[in-house]
Amino acid sequence: MLTTDGTGRLADILLVEDNEDDVMLTRKGFQRAKLKIHLHHVENGEDCMAFLRKKGSFATAPTPDLILLDLNMPVMDGREVLAEMVQDDALNHIPVVILTTSEDERDVLEMYKLRCSAYTTKPVDFNNFLKVVQGIADFWLTLVVLPPQR
Amino acid sequence: MSDEWISTVMEAVPTAMVMVDREGRIARVNSEAERLFGYSPGELRGQILEKLIPFRFRRDHSVHRNSFLAKPEKRRKEVGRDLFGLHRDGTEFPVEVSLNPIETEEGMFTLAVVVDITERIRQERMFRMAVEAAPTALMMVDERGEIILANSETERLFGYSREELVGELVEVLIPLRFREKHVGHRDGFFKNFQTRLTGEGRDLFGLRKDGTEIPVEVGLNYVETQGGMFALAAVVDISRRKQLEENLRQSNKLLAESNDELRQFAYVASHDLQTPLRTVAGFAQCLKEDHEGKLDEETDDYIRRIVKGCERMKTLINDLLTYSRVESRSRPFTEANLNELFDEVVELLGSAIEESQGAVTRGELPTVEGDPTQLLQVLQNLVGNSLKYHGDTPPRVHAKAVKKGADWIISIKDNGIGIAPRQHERIFEVFGRLHTQEAYPGTGIGLAVCRRIILRHGGRIWFDSEEGHGSTFHFTIPEHQILCQNS
Chain W
1 MLTTDGTGRL ADILLVEDNE DDVMLTRKGF QRAKLKIHLH HVENGEDCMA
51 FLRKKGSFAT APTPDLILLD LNMPVMDGRE VLAEMVQDDA LNHIPVVILT
101 TSEDERDVLE MYKLRCSAYT TKPVDFNNFL KVVQGIADFW LTLVVLPPQR
Chain R
151 MSDEWISTVM EAVPTAMVMV DREGRIARVN SEAERLFGYS PGELRGQILE
201 KLIPFRFRRD HSVHRNSFLA KPEKRRKEVG RDLFGLHRDG TEFPVEVSLN
251 PIETEEGMFT LAVVVDITER IRQERMFRMA VEAAPTALMM VDERGEIILA
301 NSETERLFGY SREELVGELV EVLIPLRFRE KHVGHRDGFF KNFQTRLTGE
351 GRDLFGLRKD GTEIPVEVGL NYVETQGGMF ALAAVVDISR RKQLEENLRQ
401 SNKLLAESND ELRQFAYVAS HDLQTPLRTV AGFAQCLKED HEGKLDEETD
451 DYIRRIVKGC ERMKTLINDL LTYSRVESRS RPFTEANLNE LFDEVVELLG
501 SAIEESQGAV TRGELPTVEG DPTQLLQVLQ NLVGNSLKYH GDTPPRVHAK
551 AVKKGADWII SIKDNGIGIA PRQHERIFEV FGRLHTQEAY PGTGIGLAVC
601 RRIILRHGGR IWFDSEEGHG STFHFTIPEH QILCQNS
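Line by line, the protein sequences give chains W and R. So for the first sequence, my numbering puts the first residue at 1; every next one is plus one. So for the second sequence, my numbering puts the first residue at 151; every next one is plus one.
These are computed hints drawn from the structure, not numbers from a lab. The structure presented is a predicted model; accordingly, all values stated were derived computationally and were not measured.
Computed Cβ-Cβ distance ranges for the label pairs, DEER-style: (1) R:Ala502 with W:Ala118: 26 to 32 Å; (2) R:Ala406 with W:Gly56: 43 to 49 Å; (3) W:Pro147 with R:Ala406: 45 to 51 Å; (4) W:Gly56 with R:Glu497: 51 to 57 Å; (5) R:Gly500 with W:Asp89: 44 to 50 Å; (6) W:Tyr112 with R:Glu363: 53 to 59 Å.
Don't be surprised by glycine CBs; every beta carbon is placed ideally from N, CA and C.
If we strip away everything but chain W, and leave its shape as in the complex, we get (with noise of 0.2 Å):
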């Protein structure tokens, strides 16, 4: 079964951002917030795909419950990857939070478009940062049932 707490299983959560204080306070945040998961990480959407596809480098990662995604990074974007995993029957279950600076409201539309599962802004304060990554953590690892592991 799947705790925060330690009790039970760990939830993977894949961590797609390419600044590295950004991932910094990603992690931070779960600590304070005294989430106990497992934070992977990669920082552009080509690793997110071979990291879920168990690619080269990534031949023994998990299936991620939880993708946190970032919209604007280099290589391969944050809008790129979610209309790849929507395509792919494999990938397409997993659930998907956009995590970003952008509030503009024409990629927002665009993302639940393109079937994300929700869509959160990073605020700049660190506390209230705190309040969104506990947010997430208590919605979708603790309240919601996630798809069964395959």
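Following the hints, complete the assembly by docking chain R onto the known chain W.
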């Protein structure tokens, strides 16, 4: 025909008639002829006809008279031949004459019907003068398509002298590729007279003598004269207008591009600027929490200030974004019911109203043509300001509308702290503020956005205020928008 019968007829006719015998002597005249030439009754009988003709024409006239008698047939003396009659008092007047041979018991006579065409000549001259003086190129074209008349403006526009044009087919002024079609149009026009502005929606061109083409607009009318039906064409050189249209098109294109660039810039700015912001704020806070209790008050304060600075920067960035989006993200104009929008604002500001124990009311507001979202922003901003900048008494805000010509003037009055007149321009500036952050928080972009929105709607925004005695903000908005939106 009996004598008496002829007399009766001649008297009954209101035109001058002169009956002349084989020798050219006046056998009979009617009283109209006597009146026209200024003779008393009976004075003309037996006189030679040439008495009624100016001296210089007499010899030629008798020659003509004889040739007519040699081959008598009903004839109207051709138009264009200057014929004159000589009055008894020596003055001359222009006439038109028609000749009719008459066989009577007493022999062959010629009946001349004489019409005084002074008035007609005068009118034709006035017409010609008008045509000549017109600042537009005017031409008269007959049913066969030949140019009969061209004014000096036509000469100037096309580079021909009128002598070169008269008698030519009008197609000589039209580029080769349009000529055939034009002949068809021309025929159609004469068959079906209708005043028309030709070329609407189509590009028409004229051909100058030097071979260059000019863009033109042509107005057609028809004129009825003694000589038949004619088309009167007014030709206007529209090169300048076309140039202006082209300039406008270019300007609009540049504007659209500029808007696109601005939108791009705003997006990038908002995005890229916030990331390092988050880094600074985030780690500052981590610092703080990691060293909870272990830091001295001063360091604590530094960190607090760092984070607050970042927050503020983020708000500024967002506000800038909003400002830049007024033009680029605007929606096409539709129906905006200001009553409904105002009521929505009151609902949105519900908590602010409650907290300040304020009262927000309105009179009857109009429905105008505009962008409802943006107008909502304006109202929210103005009412929000009125609620925010209150003094010791709870805020009272009232909105009303007055019609002035094609515009509505909307006024939002409050009983707040007021604004000194010398601060006028400042408050509409981007980031222009009059108070410190502590006293009244805000970024100072609200009114700048309002102004931009109102300008976009073709209105003005201003205020009346006195320090300590409240403010009234006014803005105008036309009931209907005239220009098209190009966003």
